[in-house]
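These protein sequences, in sequence, are chains A and B.
In terms of my numbering, the first sequence opens at residue 382 and continues consecutively.
In terms of my numbering, the second sequence opens at residue 539 and continues consecutively.
Warning: the hint list may mix true and false statements.
Unchecked claim - Computed Cβ-Cβ distance ranges for the label pairs, DEER-style:
hint	chain 1	residue 1	chain 2	residue 2	range
1	A	P416	B	R723	42 to 52 Å
2	A	F476	B	A569	22 to 32 Å
3	A	G477	B	A569	19 to 29 Å
4	B	P691	A	A428	18 to 28 Å
5	A	S636	B	I667	38 to 48 Å
6	A	G477	B	G561	36 to 46 Å
Stated by the list, open to error - Under 8 Å between C-beta atoms, here's a sample of chain A residues computed to sit facing chain B:
hint	residue
7	I468
8	F601
9	A605
10	T609
11	L612
12	D619
Read the hints as simulated data drawn from the structure, not as lab findings.
Using N, Cα and C, we set each Cβ at its ideal position, and we do this for glycine too.
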Amino acid sequence: MSVWLRERRAILAAAVGSRVLVLSAAAADHRLHWPRGRVPVHGASTAHMLSILSYWDGVWYRTVAEQGYLLIPGRQSDPAFFPLFPIVLRALEGFGLSFLTTGILVANGAFVIGIVAFYELSRRLMPVDVARTSAMVAAFFPMSFVFSMTYPESLVLAALALALLFALNGRWTLSAVAGAAAALGRPEAMFFALPLAAIAIGLGRLTGRVGNGRAIGAAFAPVASIATFPLYLGWALDNPTAWNGAQRAWGRSFSVDGIVRAFNQLLERGQSPWLWRDAAFCLIYLGLIAAAHRLGISWPWLVAGAALVVLPLASGTFMSDARFGVLALPAYWGAGALARRRLVRLPLLVVSAGLLVAGTMTIPLANP
Amino acid sequence: MESATSRIGWVRLAVASGATAAGLAALLAGAAFGLQAVTLPRPSPGQLIAAQTMRWLTGQHAVKSVALVRGRHVSSVCVNATIGPFGRTRRRLHGSLVVTGRRRLVETRFASFRLGSTLREQDGPLPAIRAVLAGCPRTLERRIGRFLDDRAPVHAKRVFLHGERMLRLSFRRRRIRLFLIVDPRTFAPVAVRIAREGTDWSYLAPAARHDVVRSALGLSRRLRLIVKEDA
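Build out the structure end to end from the sequences listed, making use of the hints.
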C-alpha cells in the first residue's frame, strides 16, 4: 500500500493541492464580499464560507435533491439536470450535513478519486511520464474549478475513468456499473460508449473470445442508463419528454443548424462576453485532442472527446462548453504530450493554477 | 460438415453473448430507474395539475372573464400584447392588455401602465391583481410559475361548478394565496380568486376572435403603435 501511495504521491498532491487552491479562492471571495451586489442566482445560499461553489446549477441540483423534479412549462426548470448528483446528495442526507456541505464534500472527494483513476487509465494507454503530466494538467486545468462546485462533473469524471479502467482490466461488470453511473450524471458520458466498445472488441480479439456478452453489455450500459431518465420523468411527471421541454426553456434546442446559430450568437449585440471564454476553451479542447492524436491515441477515444465538446454546440450556443469539455479525457492526454518536458510543464502548471484561481473567484460573475 | 458445426457454434455464441449483453444492460437500467424512483421525491398531484394548467395557458392568446365587483358583474378581455419600444435597445416587452369597459391596462413583468390618451405607469400590486383576475394568460402563468418555482404546496380538491366536476387548486406561499378552479379534462382554468379583502371569484373562458377585435378598438392610433396585440 505504501509503495502504491509513494508512486502516486505527486498525483495525489496535485489533486489535493488544486482543491486547496479552489476552496481557498472561494473562501477569499466570501471573506472579501467580492463581487459586491446582489447574489446572481435566486435561491442560492450566501451564509456558507464556500457558498459560491453552490451557485448557478448547484441551486437546481439542490432543488432536485430536496423536492424532486417538476417541469414548469415556459420557465427554466429542473428536468434539464441529470439525477446522479441529487441522488447521491439525498442518499447522504442521513449524515445530518446540509446539502451544500455534502455537495462540496462529495464533489471534491470524487475529484481526488477521479484524478487517481484517470492517472491509472492513462498509464495503461501511454508512457508513465505523459500519464503523470496529463493527470497533473487535469488537476490544475483552468476550468477544473467546476469539479469543486456542487455539480456532478467530478462524480462523472471518477465514474468514467473507473469504467474505462475496469474495461481495460477486463472487469466488465464493474465497468458497466461505473459507466451507467457516469451516464446518470451527465448525458455526455454516453460518448464514451465508443472507446468502451473499442476496448471490448480489442480485448476480444486478443484473447480469442470474440463474443463476450458482458463486454458488449458494458459498452451499452451508459446508453441504457441514459434511457432510464426519460422513463423516470414519464413515471414521475407523466411527461417522458420533460428533459427536452426544460432544455428549450434554458435556451437550448438541438437542430441541424445549431452550430451556425452558436457562432451567430457569439456575434450578436448585447451577448455576454463570457461566451467568448466558452468559445476559446472549445478551440483549446479541440487543439489538445488533435495533439492526443499525435500521441497515438486511437480514434474512438478522440471521437468521444471531440463529440463531447462539439455536439453541445448543436443546441445553438457555446454556453457552458468550457465546462462540458472538462470531461473530454483525450484533451488532457494531448496537454500531457505537449507538456512532457519539464521546461514546458512547470510554467504551464503555474499559469493553469493562476487561471484556476481566477476562474474560481469569478464564479459569481458568470455561469460556468 | 465441420463448417456447419462451426457456424452453429458461432450462432450459439452470438445468441448467448447478445442475451448476456442485453441482460446486463437491462439489469443496470432497472437499477438506475429504481434508484431514481426510490430516492427522489415526486411532485404532488396538485403541482402536476398546476403545471398542466400552465401548459394550457402558454397556448392561449386571449381570455375573457366575468367578476362580481361590489354586486355588479364586470366583464374583461385580456389579450397577449407587447409594449414598447423602450430604451436604447428599443426592446419591446411582452405583457397583457386588459380591457374592462373603457379602462385599459397593460401589465408586464416589470411595470404596469394605464392607457388613456397617453400611457401612465401605475405603481403597487393592484394592476397585477387585476390582470390575474382577468385571467391574463401571461400574468396568471407567471403567478402560478412563482409558486411552483418555490415548490409551494398546491392542494387539489374535487368540487362542482355549475353542476360539472372540477378541481380546485389552492396555492400558498407565506401569506400569499391563490385559488384556481380548473377543468380536469383540459386543465383550463375556469375561475380564479386571490385571497385578498374585497376580491371574489372571477370566472374565465377562452376569448373568441370577435371579443378581441372589439376590445382592440378602444386604442387610439398613437397608442396602437406603442401597444401591439401579439400576432
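Original post:
Does the Cβ pair G477/A, A569/B satisfy 19 to 29 Å?
Top reply: 27 Å, holds
Subject >> Range hint compliance [Cβ, G477/A to G561/B, 36 to 46 Å] >> reply: Between G477/A and G561/B, where Cβ atoms are some 39 Å apart, the hint holds.
Subject >> Supplied distance hint 18 to 28 Å, evaluated on CB atoms of P691/B and A428/A >> reply: Holds - the Cβ-Cβ distance for P691/B and A428/A, about 25 Å, lies within 18 to 28 Å.
Subject >> Outcome for the supplied range 22 to 32 Å, where the beta carbon pair is F476/A and A569/B >> reply: 23 Å, holds
Subject >> Outcome for the supplied range 42 to 52 Å, where the beta carbon pair is P416/A and R723/B >> reply: Check passed, 51 Å falls within 42 to 52 Å.
Original post:
Would the stated hint for F601/A survive a check requiring a Cβ distance to chain B of less than 8 Å?
Top reply: 4 Å, holds
Subject >> Interface hint for I468/A, Cβ within 8 Å of any Cβ on chain B >> reply: This interface hint holds because 5 Å falls under the 8 Å limit.
**OP:** Double-check D619/A for me: the hint is only fine if its C-beta lies closer than 8 Å to a C-beta in chain B.
**Re:** 7 Å, holds
Original post:
Per the CB criterion, is L612/A less than 8 Å away from chain B?
Top reply: 6 Å, holds
Original post:
Taking the beta carbons of S636/A and I667/B, is their distance inside 38 to 48 Å?
Top reply: 40 Å, holds
Subject >> Status of the hint placing A605/A at chain B (closest C-beta pair under 8 Å) >> reply: Holds, about 4 Å.
Subject >> T609/A as chain B interface residue, shortest Cβ-Cβ below 8 Å >> reply: Holds, because the Cβ-Cβ distance from T609/A to chain B comes to roughly 4 Å (cut-off 8 Å).
Hint compliance for this structure: every hint is met.
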